[in-house]
Amino acid sequence: MIWGSILGITFVVALIILYEWPKLKQGSKKEKATVVVLTGAGWLLAVLLVFFPEMPGPTDVIKAIFQPLGRYMEK
Amino acid sequence: MIEKSRISSFQMAIMMYPTILATAILLVPSITGKFAERDMWLSPILASSIGFLNVFLAVQLNKLYPKMTLIEYSEKIIGLIPGKILGFAYLFFYLQTNGIVFREYGEFVVGNFLSKTPMIVVIGSMALVCAFSVRGGAEVIARSAQIFVPLVVILLLFIFILLVPDLEPKNMFPIMDKGIMPSFMGSVVPASWFSEYTLIAFLLPFLHDRGKGLKWGFISVFTVMITMVVTNMSALFLFGSITDSFTYPVMSAARYIDVADFLQHLESIVMAIWVAGTFVKISVFYYALVLGTAQWLNMSDYRTLVLPLGFLLVIFSLWTAPNLIEMVHYLTTTWVFNALTMQVAIPILLLILGKIRRKRGTKVGSTRND
Chain V
125 MIWGSILGIT FVVALIILYE WPKLKQGSKK EKATVVVLTG AGWLLAVLLV FFPEMPGPTD
185 VIKAIFQPLG RYMEK
Chain D
0 MIEKSRISSF QMAIMMYPTI LATAILLVPS ITGKFAERDM WLSPILASSI GFLNVFLAVQ
60 LNKLYPKMTL IEYSEKIIGL IPGKILGFAY LFFYLQTNGI VFREYGEFVV GNFLSKTPMI
120 VVIGSMALVC AFSVRGGAEV IARSAQIFVP LVVILLLFIF ILLVPDLEPK NMFPIMDKGI
180 MPSFMGSVVP ASWFSEYTLI AFLLPFLHDR GKGLKWGFIS VFTVMITMVV TNMSALFLFG
240 SITDSFTYPV MSAARYIDVA DFLQHLESIV MAIWVAGTFV KISVFYYALV LGTAQWLNMS
300 DYRTLVLPLG FLLVIFSLWT APNLIEMVHY LTTTWVFNAL TMQVAIPILL LILGKIRRKR
360 GTKVGSTRND
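Chains V and D, in that order, give the protein sequences. Just so you know, the first sequence maps onto residues 125 to 199 in this note's numbering. Just so you know, the second sequence maps onto residues 0 to 369 in this note's numbering.
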């Protein structure tokens with residue numbers, strides 16, 4: 125199941141890159157790098173989440189920052 | 000400029016209407032009811048002041064830098080490096096918030112209708128549709144909003160009219176039994192929804208009639224406020240003090256409709272309202288995120304970023320919270336302050352600093368402000 129999810133994620137990422145490639149070819153190096161880095165980051169995050177679904181996320185960062193204020197809204 | 004199409008301020012108003020309302024009519028009545036109880040219809044009126052303030056701030060900032068979005072003028076106002084950091088904070092905020100919107104949509108659809116479909120399919124298909132509309136640009140989102148919003152309004156009115164025989168107006172008395180405080184506390188969460196009007200900072204530079212931006216922005220806030228008051232009132236009149244025990248009061252109200260044993264199961268209409276509204280909501284957030292990222296990186300075109308960011312959005316939507324209950328708890332506590340800081344406090348500071356900068360610029364007569 126895990127390897128199935130990873131295969132699915134890789135497939136989607138490959139589709140995204142293939143779809144964007146004809147346009148990226150004419151683009152500058154910077155644009156290529158941006159798209160590759162963003163998609164790569166997405167792939168990495170997705171795979172990490174498959175292995176560690178309980179990984180602390182962005183919500184926990186926001187919670188840590190705003191916790192003192194957030195307490196006022198507890199009911 | 001990065002975006003070539005132009006929209007009118009009326010189109011902007013019609014885009015922003017579901018951007019606030021789509022999620023606000025489902026989760027928010029119950030959250031408001033928890034704090035305000037019988038005064039829950041007052042809360043959206045108090046909360047809308049934040050919406051008016053936000054439209055005013057965005058328009059004033061746009062007057063200082065007419066051709067720039069939030070990401071671009073924050074660099075001009077507070078300098079390059081701090082501006083980039085603030086821009087990243089905004090992009091992260093919109094990425095996470097849009098992830099939450101996706102999750103709300105997924106939880107609602109899976110929880111009420113497609114109980115056997117995996118969440119990733121529901122969210123992923125919506126992300127794909129929204130990606131196409133964002134690729135089309137602001138004008139495409141505006142035109143799809145023009146088609147969907149009248150339908151949404153008509154269907155909502157239809158639900159309310161059918162509910163009228165069952166309503167008990169005496170549920171709202173006594174008004175302000177415990178003073179203004181409960182309705183004020185209840186207005187904090189809707190206020191964070193109204194603060195999403197900061198998104199017009201990403202649309203204002205592309206208006207071809209910018210002079211009317213403020214007027215239509217205010218009209219949009221006002222219609223959202225009226226709709227939220229009507230939604231909260233109908234939930235209150237129907238369920239009384241138990242409104243807060245439903246997760247989706249409007250949905251439960253629609254389930255309750257039964258006209259002559261013939262017109263039943265109208266929750267599918269709520270579903271239609273919700274899907275159409277959320278489509279516009281997600282598209283506007285998504286558009287702001289993609290455009291902002293492209294401007295943050297000084298790219299010449301934002302279209303290539305649409306799909307990679309969409310993929311990230313889907314991941315964030317599954318990552319933000321383990322389940323609906325924790326997400327609602329997060330939305331009522333910490334997210335409120337996150338949203339109000341990012342979308343109210345920082346724009347106020349930016350406007351003050353921008354005004355000071357403008358004054359100095361004219362005194363010295365520099366060409367910084369062209």
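Careful, some of the hints might be misleading.
[Stated by the list, open to error] Only some residues are given here: those of chain V computed to face chain D with a beta carbon under 8 angstroms:
| no. | residue |
| --- | --- |
| 1 | 150 |
| 2 | 158 |
| 3 | 170 |
| 4 | 190 |
[Stated by the list, open to error] Capping the alpha-carbon separation at 25 angstroms, the derived lysine-lysine pairs in DSS-like fashion look like this:
| no. | chain 1 | residue 1 | chain 2 | residue 2 |
| --- | --- | --- | --- | --- |
| 5 | V | 147 | D | 3 |
| 6 | D | 83 | V | 154 |
| 7 | D | 33 | V | 154 |
| 8 | V | 156 | D | 33 |
| 9 | D | 75 | V | 187 |
No wet-lab data here; the hints were simulated from the structure. Every value quoted in this text rests on a predicted model; they were computed, and no experiment measured them. Just so it is clear, CB atoms sit at the ideal spot from N, CA and C, and this is done for glycine as well.
Going through the hints against the structure:
A cut of 8 angstroms between beta carbons decides the hint on residue 150/V: the least distance to chain D is about 10 angstroms, and the hint is violated. Because the smallest distance between the Cβ of residue 158/V and any Cβ of chain D comes to about 6 angstroms, under 8 angstroms, the interface hint for this residue holds. A least Cβ separation of about 5 angstroms between residue 170/V and chain D falls short of the 8 angstroms threshold, and the interface hint therefore holds. The beta carbon of residue 190/V is positioned within 8 angstroms of a beta carbon in chain D (closest approach about 4 angstroms), and the interface hint is therefore held.
Proximity of residue 147/V to residue 3/D is assessed by CA-CA distance (about 18 angstroms); at most 25 angstroms being required, the pair is judged to hold. Taking the CA atoms of residue 83/D and residue 154/V, the gap is near 17 angstroms; set against the 25 angstroms cutoff, the hint holds. About 50 angstroms separates the Cα atoms of residue 33/D and residue 154/V, which puts this hinted pair outside 25 angstroms; it is violated. Our distance criterion of 25 angstroms between C-alpha atoms is broken by residue 156/V and residue 33/D, whose separation comes to about 49 angstroms.
Between residue 75/D and residue 187/V, the direct Cα distance comes to roughly 30 angstroms. Violation of the 25 angstroms bound is thereby established for this hinted pair.
The structure shown violates the earlier hints numbered 1, 7, 8, 9.
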